[in-house]
Amino acid sequence: MSMGLVSYGVFFLSVVLILGIVALGLNLQWGYTGLFNAGIAGFYAIGAYTHSIITTPPRADLIANMGLPWVVGIAGAMAVTALAAWIIGLATIRLRGDYLAISTFGIAVTIQLVTLNFEALTGGSQGFTGIPRPLYGMFGSPFAFNLFYFALLLAVVALVYWGLERILRSPWGRVLKAVREDETAAIALGKSAISFRLQSFVIGSTLMGLAGALYVSFIGFVSPFDFLPIVTFQIWAMVIVGGSGNNKGALLGALTVWLIWASSGVAITKLVPPAHAAQGGAIQVILIGLMLVLALLFRPRGLIGEETMVSRHADER
Amino acid sequence: MLGQAIADGILTGAIIALGAIGVSFGLQILRFANFAHSELVTWGAYLALVFVTFAGPGTPTGPLSFGWQLIAAMVFAGVLTGVLAWVVDILVFRRLRNSDAHPLSMVFAAFGVALVMRHVVVLIWGHGSYFYTRELQIALEVLPGIRMLPDQIFILGLTFVVVAAMHLYLTYSRTGMAMRAMAESPSLARVCGVQVESVVRWTWFISGGLAAMAGVFLGLTPQLHPEMGFNLLLALFAAAILGGAGSLIGAVVGGLLVGLAENLSVLFISPGYKTAMPFLVLLLVLFFRPQGLFGEKEGSR
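Chains as they are written, first to last, in this note's numbering: chain A, 1 to 317; chain B, 1001 to 1301.
So that you can see chain A by itself, here it is in the shape it has in the complex (with noise of 0.2 Å):
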């Protein structure tokens, strides 16, 4: 295997791992708690965005740049992420689904809208470059980089696997899957639903600007292209085709997704004549589309479907 393949190869799974990070992320709101997140786009976006201003150094034409440490970008932007999706969850996770769906919908919209026209705080279109990678300065060459940042994502994702695996076996999770199932039925135990649904939609939203942040770190830039609301349905159909519910599966997915839209681009570029590279995009985008509809048609479990979850306790009967 020549350099170049491998090396494409740990940047392909990075992409994955962050992606795979949004997926668990929605896995937890939808796939186990049942709420309808059509903002993802724009979750990312903040988390991207506030930790690119933590951590560029102050510029002449941006207005709000920190040059503060890696860290304390990750830190910030998963606040700023968790305070954002806290307000929202608080004025829209009492109506019916589908209103949910609509006002995420509408949140990643004007986020869209911020990181064009803000341009003091965003760079507008043109984003801005410069954002530091971690230890960057450790390394001979970019590839042993992508080769720590690989470790490093890793890292990353085993931890939140871990924990969200944790919390879901926990009493905490069985109430949240309660509610999903039978919403009245978990009030009537004394369960307050809008706050089990409120406090799962913070902490999936969370992820989603952690994901952001690293994903940033990672290539060095920030740009509002890469937050166009395509991501949205880019993360369900990890979601729907791994099988909700299951975070295994929201892995999976986030893996097959990215394999079909990676080759299915490269497949494009080398068949479609440059003139009709708008043509050619638009193909990749409706593979999405069906991808998404022929699962939930044919497939609705996903590729694994369900993971029966009991606690550990229900044995020792």
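To be clear, the hints were calculated from the coordinates, so they are not data collected in a lab.
Take the hints with a grain of salt, since some may be wrong.
What the hints assert, rightly or not - Computed footprint of chain B on chain A, listed as stretches where at least three residues anywhere in the stretch have a Cβ under 8 Å from a Cβ of chain B:
#1 95 to 102
#2 295 to 303
Unchecked claim - Restraint ranges, calculated between C-beta atoms of paired labels, are given here:
#3 1083(B) x 248(A): 41 to 49 Å
#4 274(A) x 1087(B): 28 to 36 Å
#5 121(A) x 1268(B): 18 to 26 Å
#6 1222(B) x 308(A): 51 to 59 Å
#7 228(A) x 1129(B): 43 to 51 Å
#8 1195(B) x 273(A): 47 to 55 Å
#9 1004(B) x 278(A): 46 to 54 Å
#10 1231(B) x 263(A): 29 to 37 Å
#11 273(A) x 1221(B): 30 to 38 Å
#12 181(A) x 1160(B): 22 to 30 Å
Note that beta-carbon positions come from the ideal geometry of N, C-alpha and C, so glycine has one too.
Chain B: place on chain A using the hints.
Just chain B, lined up with the frame of chain A:
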């Protein structure tokens, strides 16, 4: 300035209203948020373009920029878009409705269908813009300081006629009554012998037809592009929910208010944020009156 913004707002509002009627029916009769509705608007506009490409936009009639051909194109597009909506229902939504899938999987599917429909338009017609006609028009001063194009006045008039006809249809025809019964209570309607599948079919057909009309009007003022419907999506939902899901008059009033909010906002904020206005309206409605202006209060689901 203010008067002109109000006039523009009413025009945008009329177009939003035509699209919002279908969204409103979708929410209440079909019981899901149909995010693919905006693509019916786009398809309607492009289907009319197909007709105009073959028949021409016609010689300008009076002050208008088009002739009878564009009206024929609109009828052609309305019927075909209605059929398209119905075919999509058979292919996708009916299957999900009849399966034991989660009700919200319809909404996921709607987004998927929207992606496919919008990008098939790109595949066929590309990203560029199209015009029905290149005739130039002179704006008329309808009131002191308020100018409108003859085409725009025509759009307002025709919208009014169609909405009035729809109102009569819903109030007096058998299908219209069945539709209203379904909107009130699907199970009760079924028990009373309403042919559910037939009502669903008519709902799709009418929603598609009205969406196509909105699309043609949008394309006439002034151009067609693949995102024309998608950019209207939030406005359609804001109007339908503001008016109260399932209410025809509600959707029209909601459409006008959203159109006005959008155009009046330009007086206060940067035009770059204009498209966020419908969303602001939506949040306010959801917060203070989720059942909408004309809707019945309903338990949260």
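Within 51 to 59 Å or not, the Cβ separation of residue 1222(B) and residue 308(A)?
-> holds (57 Å)
Starting from the range 46 to 54 Å, see whether the pair residue 1004(B) and residue 278(A) falls in it by beta-carbon distance.
-> violated (36 Å)
Okay, residue 1083(B) versus residue 248(A) on CB: inside 41 to 49 Å?
-> This hint holds: roughly 43 Å between Cβ atoms.
Taking the beta carbons of residue 274(A) and residue 1087(B), is their distance inside 28 to 36 Å?
-> holds (34 Å)
Within 22 to 30 Å or not, the Cβ separation of residue 181(A) and residue 1160(B)?
-> violated (48 Å)
Check, residue by residue, whether the region 95 to 102 of chain A contains three or more positions whose beta-carbon lies closer than 8 Å to a beta-carbon of chain B, and give the verdict.
-> Since 7 is at least three, the answer is holds.
Go ahead and decide if the range 18 to 26 Å is satisfied by the Cβ distance of residue 121(A) to residue 1268(B).
-> Given about 20 Å between the Cβ atoms, the range holds.
Could one say that the CB atoms of residue 1231(B) and residue 263(A) fall in the range 29 to 37 Å?
-> holds (31 Å)
Honestly, do residue 273(A) and residue 1221(B) meet the 30 to 38 Å range at C-beta?
-> holds (35 Å)
Count the residues of the region 295 to 303 of chain A whose CB lies closer than 8 Å to any CB of chain B, then report whether that count reaches three.
-> holds (count 3)
Consistency of beta-carbon spacing, residue 273(A) to residue 1195(B), with hint 47 to 55 Å = The hinted range 47 to 55 Å holds for residue 1195(B) and residue 273(A), with Cβ atoms some 51 Å apart.
Range hint 43 to 51 Å: satisfied by the CB atoms of residue 228(A) and residue 1129(B)?
-> Given about 20 Å between the Cβ atoms, the range is violated.
The structure does not agree with the numbered hints 7, 9, 12 stated previously, though it agrees with the rest.
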